[in-house]
Amino acid sequence: MHDTMMAAYDEAVSGQGSIRAHWREMMALIWAMPPEVLRDRQARAAAHLAGADNFMADFGAGAAAPVWSIDILPLILPGNEWDTIAAGLAQRARLLDLILSDIYGPQFLIKEKLLPPHLIYANPCFLRPLRHVVPPSGAPQLHFYAADLTRMPDGAWRILADRTQAPAGVGYALRHRGIVARTFPESFRHTSVRRLQPILETWQDSLQAIGSAISSNPRIVLLTPGPHNSAYPEHVMLAHELGITLAQGSDLTVRDSIVYLKTLDGLARVDVIYRRVDGDYCDPLELRSDSALGVAGMIAAMRAGNVAVLNAPGSAVIELPALAPFLPGLARRLLDEDLALPAVTTWWCGQKAALAEVLATMNRFVLQPVFEPNAVPIDPVELSESARTNLIARLTATPEAFVAIERVDHARVPAVGAGSVEPRPFVMRTCSLWNNGAWATMPGAMARITDGDEGRRAAIRNGGLVKDVWILADEPTSQGPASGDGVPHDTRKVERAAELLGSRTADDLFWLGRYIERLDSAVRQFRAVLQRLIGASLGPRDMAESQMLAELLHHCGWISAATASLPVDSSVFANDIVTAAGSAGALADCRASVQQLGMALRDRLSQDMARALMNMFHDDETADQDRSLDSLLARMDRSVTNVAAFGGLVAENMTRGNGWRFLEFGRRIERGITVCDIVDSLLGGSMARTELSMRLALELCDSTITYRRRYPTDHYTLLALSIILSDSTNPRALVYQLESIQSGLDALIGYDPLVPEKDVVGRLIPAVLEICAHLSDEPETAALSYAHHRETIRAALADAKAGLMSLSETTSRNFLAHIDPVRSLFPGAMSQRQDAHGAMS
Amino acid sequence: MTRYAVRHETHYAYGATVDLGFHMLRMTPMEGERQHLIAHQLEMLPRPLRVSAFRDHFGNGVHHVAVESPHDNFSVVLSATVDVEPPAWSEPPTGPAWEDVRESMRADGFPKPPEVAEFVEPSPLAPLDHAATDYARISFPENQPVVTGALDLMGRVHADFTYAPGATDVSTSVAEVMTSRRGVCQDFAHTMIAGLRGLGLPARYVSGYLRTGNSFRGGDASHAWVSLWCGDEVGWIELDPTNNFLVRDGHIAVAYGRDFSDVTPMRGVILGGGRHSHTVAVSVAQLAGT
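Quick note, the sequences are listed as chains C and X, same order.
Take 1 as the starting number for the first sequence in my numbering and just add one per residue.
Take 1 as the starting number for the second sequence in my numbering and just add one per residue.
Because the hints were derived from the structure by calculation, they are not lab data.
Take these hints with a grain of salt, some might be off.
Each computed BS3-like pair below joins lysine-lysine, with the alpha-carbon atoms no more than 27 Å apart [to be verified]:
{"no.": "1", "chain 1": "C", "residue 1": "Lys113", "chain 2": "C", "residue 2": "Lys352"}
{"no.": "2", "chain 1": "X", "residue 1": "Lys112", "chain 2": "C", "residue 2": "Lys758"}
{"no.": "3", "chain 1": "C", "residue 1": "Lys758", "chain 2": "C", "residue 2": "Lys801"}
{"no.": "4", "chain 1": "X", "residue 1": "Lys112", "chain 2": "C", "residue 2": "Lys111"}
{"no.": "5", "chain 1": "C", "residue 1": "Lys111", "chain 2": "C", "residue 2": "Lys352"}
{"no.": "6", "chain 1": "C", "residue 1": "Lys352", "chain 2": "X", "residue 2": "Lys112"}
With the hints as extra help, turn the sequences into a complete structure.
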């Protein structure tokens with residue numbers, strides 16, 4: 001059987017061993033390139049993919065993030081060949097949409113024996129609550145269709161898998177095109193390639209048209225499961241490119257059978273949902289009741305015709321490979337056409353003839369559980385004799401539970417190996433879109449190298465080695481690398497009226513501001529103590545200052561009371577400090593919060609801001625390997641710089657909208673609290689002395705130079721407080737924070753819950769100024785007045801801190817959460833309940 | 001013909017204010033061949049902003065209810081007047097051999113009739129269970145007429161399982177019930193359905209109400225029983241394993257599904273609410289003169 005099989009198709013080399021015409025330019029280019037140049041290009045592309053361009057990978061999407069590498073050598077396909085593939089995909093998409101409409105509608109295909117009932121009724125992706133839910137006028141059930149294709153030894157393309165749930169693809173293809181354009185620009189010089197960008201315009205037009213049938217100025221959201229999903233980077237990118245709002249389930253609510261986006265300005269109607277959450281997670285009321293990713297009432301809103309959800313939940317029911325043998329008949333029945341682009345030979349074993357065929361020629365196939373299309377296939381060839389017997393027994397007992405798929409020797413494509421080019425097997429992911437009744441296929445794709453059969457149906461989430469796919473243009477298009485394809489566009493054609501700020505986004509920005517600032521103050525405190533410990537021997541003043549800093553670190557919650565009470569010159573103390581700043585310490589928790597918020601806000605942050613945040617975490621990776629005080633100090637220095645870089649970008653690059661305002665609120669509140677904590681702890685500590693306290697306070701508040709300039713003296717007196725607390729020109733001073741908050745509140749006019757807070761801030765400002773009014777300019781007097789004022793000052797600071805805390809609470813709880821009280825209790829607050837038959841009291 | 005007045009009251013008391021409550025109600029008696037809905041009314045407090053009615057995949061009537069103002073309690077009262085006719089037969093036909101029904105469901109991938117095929121498939125609360133299948137098999141020796149076998153199985157379930165309110169809850173599995181041999185109508189129905197499906201016979205779960213009477217179990221709450229496909233000639237017959245009798249005119253059907261999860265009388269999502277308690281009362285009175 002096997003020895004008579006044809007050799008795998010080679011994309012670049014014909015059967016006669018010559019390079020195919022459409023590959024000649026490319027191969028000449030590659031062969032002319034010294035191996036080290038090729039390696040360097042390859043390394044740069046990999047770096048782009050893993051690093052700067054793919055921010056999420058480093059931003060800690062965690063184990064869920066696929067591990068990718070990219071081959072700069074694209075797969076090249078002639079335009080006419082592609083057009084044939086695209087036509088086949090369009091026909092298949094039309095067919096699948098009609099089948100879906102029938103499955104969720106009259107089900108005459110089942111009654112007419114064109115679809116076996118088992119493949120629908122036992123299919124876990126058949127979502128019964130969606131039955132009879134008809135898309136709004138003009139919208140299809142299937143809107144976005146991806147397919148995995150392979151090329152057979154005879155050169156024919158075949159479908160390996162239909163992807164109809166919520167498939168990925170366009171974002172990846174754009175990214176790969178961008179990377180190849182940057183790292184291998186000369187490759188575009190001799191070849192004219194069809195651009196990918198137009199698919200985004202088609203996509204926008206299509207979404208707009210569907211939305212326009214529902215309301216005159218439609219709002220479109222991309223519903224994402226959130227940052228923990230492996231495809232989240234693509235969601236961020238597509239929302240940006242399509243000019244639509246990225247939303248998680250918790251950003252949405254349903255009122256009166258209408259889906260709304262929760263924003264600071266109230267509820268904003270949503271007309272179209274581009275769904276990237278799996279169908280059964282979309283609505284805890286009617287589908288999986290344990291889902292926190294959807295929105296309760298979405299199906300009811302669909303039923304009322306008030307929202308189009310694309311693809312409709314339940315669309316995954318036709319992803320089944322076992323449907324393949326029935327598609328030719330369905331194409332004839334529904335389209336009156338022959339199926340142009342069939343799947344590789346596939347048998348559902350639930351029919352006698354199919355089972356007989358599979359049992360008779362078992363080694364031609366791999367087998368899969370019928371409803372687990374992404375399971376690793378069972379390869380009969382690899383089975384032991386007993387396992388094979390066992391498989392045959394299972395097949396005979398429950399044949400309907402298996403699908404057999406023909407083993408295919410995937411076509412080969414030239415790929416850059418270790419400095420050389422070699423043919424490797426691949427599959428290709430295509431993306432097609434519904435637009436006003438017609439299907440458009442993106443003129444390009446993503447190819448994945450599949451060494452061995454294991455990649456046959458591998459999902460994108462598994463990662464792997466990928467390639468860009470080029471479709472040759474019939475005529476030269478514009479010159480230059482890729483005509484800007486894949487380069488992120490910041491302005492796309494749809495320019496919306498003032499973008500509404502989502503409530504969750506505002507909340508996340510607020511907390512990002514607080515955590516960034518908190519991280520900054522912690523790092524400065526750790527740095528101060530490290531600078532003192534690192535000397536050869538600790539002098540008495542170093543000892544005293546270190547002791548005070550230890551108390552402050554404890555006061556702020558960074559180290560334990562036990563650590564703070566250790567002798568600061570002991571190695572145990574130093575060791576504890578390193579641990580506290582390491583990956584298991586409190587500092588790491590704070591960093592993790594920044595990281596998490598940064599991820600959730602990825603779509604709101606510019607590339608540069610994201611990169612600045614990312615830099616904060618690079619250091620962490622080596623933190624636990626090198627426990628020396630010296631390297632820890634260096635890390636703390638870098639952290640201070642990184643936070644400052646982020647702050648600079650916020651100041652220089654963020655438009656002064658409400659988003660910026662909430663980030664600023666968070667920062668100012670946290671910094672104000674920090675100043676209160678520092679002064680309070682230093683004044684009240686066991687070692688408290690004016691000289692040392694003020695010196696440290698100035699250092700931690702980055703205000704030493706200001707003091708020196710203003711008071712040319714070697715002594716540090718309580719006058720330092722006038723700089724740290726009441727100098728409204730000092731961006732580190734308490735009063736500066738309060739005044740910034742006050743002007744921020746003024747700008748947020750109309751948000752009622754914050755009105756009472758204005759009075760609080762308005763009262764705090766004079767109170768802080770009052771503290772310093774008592775301080776004389778005369779250093780000697782100031783020293784004398786210390787005892788009198790110490791407690792007064794501490795009481796005033798306690799007041800200020802309490803006021804800031806209450807402002808934070810009001811902002812986060814009442815204001816940002818006022819639309820949906822559940823958010824603060826998430827996820828426990830959303831409870832489901834069901835009555836029991838008979839089991840009720 | 002018998003006329004019934006059905007009243008089904010559900011009261012929820014929430015520990016904290018609920019801001020938004022969505023409920024799916026499947027509690028109104030259905031219109032059927034032998035059952036006629038004369039009058040019905042759903043009263044809810046607080047009054048929902050919107051009640052929309054639709055038919056689900058199984059053809060059951062569903063009310064989708066949204067309460068969008070803050071509330072601490074929620075009550076639903078269904079009242080209905082229903083006429084029920086007895087079946088044409090006084091004793092049921094015995095039907096074809098059970099293997100014939102099983103074979104009609106295989107039919108090389110295309111069962112006949114196709115719309116029945118859904119009920120031979122395992123479902124969340126009535127999955128394939130070897131113990132339940134082996135238990136059911138005893139009632140279906142070779143060539144046993146399908147109705148005869150089903151009556152025998154129902155009698156055995158009634159005899160072997162103890163009616164024990166409170167012993168199980170909505171999520172109790174068939175496997176657990178097969179072990180403990182205790183439960184309520186829902187458990188008996190699921191167990192019997194799982195066994196029948198294990199043999200390849202299509203069986204449905206029926207949710208509804210039962211004529212209240214001293215000798216019946218399950219009449220003080222919503223009730224559940226089994227519907228079995230017995231081939232083209234006999235069609236569906238309904239069996240109540242909790243009370244060990246064939247359904248004639250003492251049962252009022254509300255909804256059909258694969259199992260309880262398809263026909264839950266009241267399923268909801270609330271935002272807020274804290275801890276909650278609920279009470280349910282059902283009364284089914286036979287109206288005089290019928």
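Hint check results:
Only pairs whose Cα atoms come within 27 Å are accepted, and Lys113/C paired with Lys352/C is accepted, the gap being roughly 16 Å. Pair hint Lys112/X plus Lys758/C does not hold up; C-alpha atoms about 74 Å apart against a cutoff of 27 Å. With a CA separation close to 15 Å, the supplied pair Lys758/C and Lys801/C stays within the 27 Å bound. Between the alpha carbons of Lys112/X and Lys111/C the distance comes to roughly 9 Å, so the proposed pair stays at or under 27 Å and holds.
Between the alpha carbons of Lys111/C and Lys352/C the distance comes to roughly 20 Å, so the proposed pair stays at or under 27 Å and holds. Annotation: proposed proximity of Lys352/C to Lys112/X holds, straight-line Cα distance about 17 Å (limit 27 Å).
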